[in-house]
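Participant: Letter by letter, the chains look like this.
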Amino acid sequence: QSALTQPRSVSGSPGQSVTISCTGTSSDVGGYNYVSWYQQHPGKAPKFMIYDVNKRPSGVPDRFSGSKSGNTASLTISGLQAEDEADYYCCSYAGSYTLVVFGGGTKLTVL
Amino acid sequence: QVQLVESGGGVVQPGGSLRLSCAASGFTFSSYGMHWVRQAPGKGLEWVAFIRYDGSNNYYADSVKGRFTLSRDNSKNMLYLQMNSLRAEDTAVYYCAKLGRAFYDILTGYIYFDYWGQGTLVTVSS
Chain F
1 QSALTQPRSV SGSPGQSVTI SCTGTSSDVG GYNYVSWYQQ HPGKAPKFMI
51 YDVNKRPSGV PDRFSGSKSG NTASLTISGL QAEDEADYYC CSYAGSYTLV
101 VFGGGTKLTV L
Chain C
1 QVQLVESGGG VVQPGGSLRL SCAASGFTFS SYGMHWVRQA PGKGLEWVAF
51 IRYDGSNNYY ADSVKGRFTL SRDNSKNMLY LQMNSLRAED TAVYYCAKLG
101 RAFYDILTGY IYFDYWGQGT LVTVSS
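Taken in order, these protein sequences are the chains called F and C. This note's numbering puts the first sequence at residues 1 to 111. This note's numbering puts the second sequence at residues 1 to 126.
Simulated from the structure, these hints should not be mistaken for lab results. Fair warning: there could be bad hints in the mix.
Computed far set for chain F versus chain C, every beta-carbon distance over 10 Å [stated by the list, open to error]: (1) 12; (2) 30; (3) 63; (4) 76.
Dumping the calculated SDA-like pairs for lysine to any residue here, alpha-carbon to alpha-carbon at most 20 Å [as the list claims (entries may be wrong)]: (5) C:43 - F:87; (6) F:107 - C:26; (7) F:107 - F:10; (8) F:44 - C:123; (9) F:55 - C:104; (10) C:65 - F:7; (11) C:76 - C:58; (12) F:47 - C:23; (13) F:107 - F:7; (14) F:47 - F:80; (15) F:47 - C:100; (16) F:44 - C:115; (17) F:68 - F:19; (18) C:43 - F:40; (19) F:68 - F:18; (20) C:65 - C:14; (21) F:47 - C:25; (22) C:43 - F:43; (23) F:55 - C:65; (24) F:55 - C:114; (25) F:47 - C:27; (26) F:107 - C:41; (27) C:43 - F:80; (28) F:47 - F:59; (29) F:44 - C:7; (30) C:76 - C:27; (31) C:65 - F:97; (32) C:43 - F:41; (33) F:47 - F:96; (34) F:47 - C:26; (35) F:68 - C:109.
Small disclaimer: the values here were computed from a predicted structure and weren't measured. Just so it is clear, CB atoms sit at the ideal spot from N, CA and C, and this is done for glycine as well.
Put together the whole structure using the sequences plus the hints.
Facilitator: Next up, the structure:
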């Protein structure tokens, strides 16, 4: 069982927006602003999409945005495109003992 | 461009050992901490271990602590993961990943993986 809870799947039509939630505790997501998100296409390595809750690395489209409220972080993808269909994982710093925790992943289907 | 190439995976019996390697290029390897992350077949990502840019400190997930050892050779741009006392639950694709900021330790909270290798499959089975 993963430390962070994500919905198993979400879906949306091209052009729509979808939001993926990532729920942790005050010991990880709620306690630090060190949340990141990764996109993984089947058979491929993960790709770095969001860090520090809401910052985008260079090259990531601004259709991808992140936010956090309390113990729940969210990834929003607006203007859905077919190539956005992938698995998405959240990740958080969890303090000096546990250090790093991931969510279980969410499969995004573009209808 | 940044390249990370893992090798050393394979099939090993329970209780056995394996050493994974990660060859880095396209960046100043000695300036960046490095992670290993694994993914069991059909499952999610699990952080395994991190080594500081200078090799002075390592951190491990509880699931591998005492069994896995991380090391690096900055003169060869190489990262290594020595895995001992392997169990069936260690079966996974193992990725090496670069920390996104130079000279950082993940104790700062900056834990991000900005580049990943393609992974190497480790199968623990009798």
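Participant: Could you run down the list of hints and mark each one as holding or not?
Facilitator: Status of the hints after comparison with the structure:
1. Distance check on residue 12 of chain F: its Cβ is at least 21 Å (rounded) from any Cβ of chain C, clearing the 10 Å threshold; non-interface status holds.
2. For residue 30 of chain F, the condition that its CB be more than 10 Å from all CB atoms of chain C holds, with the nearest at approximately 14 Å.
3. The Cβ of residue 63 of chain F lies farther than 10 Å from every Cβ of chain C, with a closest approach of about 20 Å, so its non-interface assignment holds.
4. Residue 76 of chain F, annotated as away from the interface, keeps every beta carbon of chain C farther than 10 Å; the closest lies near 19 Å.
5. Taking the CA atoms of residue 43 of chain C and residue 87 of chain F, the gap is near 11 Å; set against the 20 Å cutoff, the hint holds.
6. Distance check on the hinted pair: residue 107 of chain F and residue 26 of chain C sit about 32 Å apart at the alpha-carbon level, beyond 20 Å; violated.
7. In summary, the hint linking residue 107 of chain F to residue 10 of chain F is supported, as the alpha carbons are separated by about 6 Å, within the 20 Å threshold.
8. Of the supplied pair hints, the one linking residue 44 of chain F and residue 123 of chain C holds, its CA atoms being roughly 18 Å apart against a limit of 20 Å.
9. Using a Cα cut-off of 20 Å, the hinted pair residue 55 of chain F and residue 104 of chain C holds, with the two alpha carbons roughly 18 Å apart.
10. Distance hint between residue 65 of chain C and residue 7 of chain F is unfulfilled; the C-alpha atoms sit about 30 Å from each other, more than 20 Å.
11. Simply put, residue 76 of chain C and residue 58 of chain C have alpha-carbon atoms about 19 Å apart, close enough for the 20 Å limit, and the pair holds.
12. This hinted pair checks out: residue 47 of chain F and residue 23 of chain C have alpha carbons roughly 19 Å apart, not beyond 20 Å.
13. Among the hinted pairs, residue 107 of chain F with residue 7 of chain F is consistent with the structure: their alpha-carbon atoms are about 8 Å apart, no more than 20 Å.
14. For the hint linking residue 47 of chain F to residue 80 of chain F, the alpha-carbon distance of about 17 Å falls within 20 Å, and the restraint holds.
15. For the proposed pair residue 47 of chain F and residue 100 of chain C, the alpha carbon gap of about 12 Å is at most 20 Å, so the pair holds.
16. Restraint check: the Cα-Cα separation between residue 44 of chain F and residue 115 of chain C comes to about 12 Å, which is no more than 20 Å; the hinted pair holds.
17. As the CA atoms of residue 68 of chain F and residue 19 of chain F are separated by approximately 12 Å, the hinted pair is consistent with the 20 Å bound.
18. Proposed proximity of residue 43 of chain C and residue 40 of chain F is supported: the alpha carbons are some 12 Å apart, at most 20 Å.
19. Proximity of residue 68 of chain F to residue 18 of chain F is assessed by CA-CA distance (about 15 Å); at most 20 Å being required, the pair is judged to hold.
20. Only pairs whose Cα atoms come within 20 Å are accepted, and residue 65 of chain C paired with residue 14 of chain C is accepted, the gap being roughly 17 Å.
21. A hinted pair counts as satisfied when its Cα atoms are at most 20 Å apart, and residue 47 of chain F with residue 25 of chain C qualifies at roughly 18 Å.
22. Among the hinted pairs, residue 43 of chain C with residue 43 of chain F is consistent with the structure: their alpha-carbon atoms are about 12 Å apart, no more than 20 Å.
23. Distance restraint check for residue 55 of chain F and residue 65 of chain C: the Cα-Cα separation of roughly 32 Å exceeds the 20 Å cut-off, and the hinted pair is therefore not satisfied.
24. Of the pairs offered as hints, the one joining residue 55 of chain F and residue 114 of chain C holds, with about 13 Å between alpha carbons and a cut-off of 20 Å not exceeded.
25. Proximity of residue 47 of chain F to residue 27 of chain C is assessed by CA-CA distance (about 18 Å); at most 20 Å being required, the pair is judged to hold.
26. For the hint linking residue 107 of chain F to residue 41 of chain C, the alpha-carbon distance of about 15 Å falls within 20 Å, and the restraint holds.
27. Taking the CA atoms of residue 43 of chain C and residue 80 of chain F, the gap is near 25 Å; set against the 20 Å cutoff, the hint is violated.
28. Proximity of residue 47 of chain F to residue 59 of chain F is assessed by CA-CA distance (about 11 Å); at most 20 Å being required, the pair is judged to hold.
29. A distance of roughly 16 Å separates the Cα atoms of residue 44 of chain F and residue 7 of chain C; the hinted pair therefore holds under the 20 Å criterion.
30. Proposed proximity of residue 76 of chain C and residue 27 of chain C is supported: the alpha carbons are some 13 Å apart, at most 20 Å.
31. At most 20 Å may separate the alpha-carbon atoms for a hinted pair to count; residue 65 of chain C and residue 97 of chain F meet this at roughly 12 Å.
32. Note on residue 43 of chain C and residue 41 of chain F: the hinted pairing holds, with a Cα-Cα distance of about 13 Å set against a maximum of 20 Å.
33. As the CA atoms of residue 47 of chain F and residue 96 of chain F are separated by approximately 25 Å, the hinted pair breaks the 20 Å bound.
34. A threshold of 20 Å between alpha carbons decides the hint, and for residue 47 of chain F with residue 26 of chain C the separation of about 17 Å falls inside it, so the pair holds.
35. A threshold of 20 Å between alpha carbons decides the hint, and for residue 68 of chain F with residue 109 of chain C the separation of about 16 Å falls inside it, so the pair holds.
Going through the hint list in order, the structure does not satisfy hints 6, 10, 23, 27 and 33.
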